[in-house]
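**Student:** Take a look at the letters that make up each chain.
Number of protein chains: 2
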Amino acid sequence: MSKVTLKKIAEALDLSTATVSKALKDYSDISLETKLKVKALADSLNYKPNPFAQSLRNKESKIIGLIIPEIVHDFFANIILGVTKTAEKYGYLVITLQSDESYGVEKKQIELLLSRNVDGILISLADNTVNYNHIKEIKRARVPVVLYDKISKSIEGHKIVIDDQKAAYNATKHLIDCGCKRIAHVRGALKPQTTIDRFIGYKMALKDHNITFDNSIVFEAKSLTFEEGKRIAYEIALKHRDIDGVFAFCDLLATGVLVGLKEHGIKIPDDVSIIGFSNWLLSTVTTPTLSTINQSGFQMGEEAFKLLLEEIDDIKKGRDIKYKTVEIPTKVIVRNSTK
Amino acid sequence: MSKVTLKKIAEALDLSTATVSKALKDYSDISLETKLKVKALADSLNYKPNPFAQSLRNKESKIIGLIIPEIVHDFFANIILGVTKTAEKYGYLVITLQSDESYGVEKKQIELLLSRNVDGILISLADNTVNYNHIKEIKRARVPVVLYDKISKSIEGHKIVIDDQKAAYNATKHLIDCGCKRIAHVRGALKPQTTIDRFIGYKMALKDHNITFDNSIVFEAKSLTFEEGKRIAYEIALKHRDIDGVFAFCDLLATGVLVGLKEHGIKIPDDVSIIGFSNWLLSTVTTPTLSTINQSGFQMGEEAFKLLLEEIDDIKKGRDIKYKTVEIPTKVIVRNSTK
DNA sequence: CTGAAAGCGCTAACAC
DNA sequence: GTGTTAGCGCTTTCAG
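Sequences listed follow chains A and B, in order. All residue numbers for the first sequence refer to the working numbering, where the first residue is 17 and numbers rise by one. All residue numbers for the second sequence refer to the working numbering, where the first residue is 17 and numbers rise by one.
To be clear, the hints were calculated from the coordinates, so they are not data collected in a lab. Where hints are given, some of them may not hold.
Given that identical chains are not distinguished, each listed pair holds provided it fits within a single copy or across any two copies.
The calculated lysine to aspartate or glutamate pairs, modelled on DMTMM-like cross-linking and capped at a C-alpha distance of 25 Å, are [stated by the list, open to error]:
| # | residue 1 | residue 2 |
| --- | --- | --- |
| 1 | K24 | D135 |
| 2 | K24 | D45 |
| 3 | K322 | E86 |
| 4 | K124 | D59 |
| 5 | K105 | D143 |
| 6 | K255 | D330 |
| 7 | K24 | E153 |
| 8 | K283 | E243 |
| 9 | K238 | E251 |
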């Protein structure tokens, strides 16, 4: 059973390939009769256009690239899902690549995607990416790019973000609303923008509620791990018994803090309230369950793809584009670690 | 800056496109001098062959499809990672699709991948897939397929699996080695092969160690959730106080059981030892930490891709293939929920 | 050692 | 309404 092509259908019907092609695409200058005949045969032969030929001719692959820092991660996995499901709906397929949070890998993968002529690229920048030549490379190749989640202000283009400052503000405010007076923050490493923004949101909330900011109860996590959260909890238990609230950079750290404090006989939430960030699966299984900030990866992926598609269409039609930054809403999820 | 093509290089060097093409591919019938000249110019012009044209000519896309029941899942996410990283190494890119554990979606996605002429497909069957016409469809299109994780014995082809019976046997044996005499099993739904196999392994271990099997302490989870684990724990706490060990189908259920039993004042592992399955992140953050079975998704993905590549090559070279089933080893991870 | 030519399968401008 | 033609960019005989 060799492949059925336009030519075969044309020969069988004694038409030209051009007519067959147009008939299948419902061109207005083809007679109804011919269209019917052609479609009937194409159907019965189960004709499928050859995508290689179409791509060559149309100069588009209907495939986009998606670069993710880390696939095994609830939030990013949901982004993959949002992107692929939405793309599918619009006739696009997605090639997913993991950058391992490395600038070097990220750069290589962009080249790889470009060399395969993808129609667009979705990328979340690695934490150690400080140089944007690789992104400019994409622009130079006139391929649409949309930055999502970890973006850079110094790059022009569509962007999808969450408002980390606002989310952190709300998390901290929730602790304040629970009656906390002395609220610690467990932050991430110094550089990434998300860390900085969540720290800023935390400080703003304190200020707006007349709580003096005290840098001695801001703890920098050396790694975003459960163990590191526990280590910091020990420090709190030993040296900072007056703390009555903790806002942690992410759920894994928060879980470590929760378990670590409990080991020292500190009651959650009676003695200390804790809130995390991201709404990972594990925040639903701790005892008590962990309050957190929900950020919908699916929605972010969905919006990211839609913006990319918009840019693809704009470029195709030669429209000029005004770049947008879309914000995905976040929400405080109240569970039992805050009262 | 319009695209540089073979033709441009040929004209610039006053050669034919054929010669340029061959020079770049180091054909033996091209003079060294010409090769050097061509390569130098191609390099300086940053020539990249047009993949659409190559695909059309060579009838291969260098892209494979990967169908996953559920992306947001530690194990499957690791499989994606193993597949894509390995594929990348061999010059292939991966299109990932989620079947939502649905036969209907799975079937559609296969058609989609086939219509895009992928060079091969990797698939883990949805739990409710009982009909294999869609897999036969792939074979009919002469596209290589490899089944991984959730396979079917009635399909011919390469397969990658873990030995669920053996793994469950070892999990149960570990409980026995810990001194447990009355071991419950929290199983999954009736049908999927994994559920059945883990149940069989459990029974075999009991038998080999002279423990009488008792169906009244086999609990069927209606869903693989934390809450369901808790519900079953309550049942155990109320009606089966003599149970001193629990082997759960997966870590999420095990975590529910652990928390549920603790709520009833049952000490883990002193009163009851618990072991889960899959080694999810959450098994490292429970109190006590959860013993479990590790199954390497990365390795499974890696092996799956390699087998697929083997089949692709075999078909290309017209070799006949003898189908293999590769087993990925599992390991008992001893943590603090078993003693 | 090099090149002419054919063709992969499809599309679109243009002619009839 | 339909067909002719001319590619898209690459690879591979086969002839010279």
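**Student:** Hint by hint, which ones does this structure get wrong, listed from lowest number up?
**Tutor:** 6
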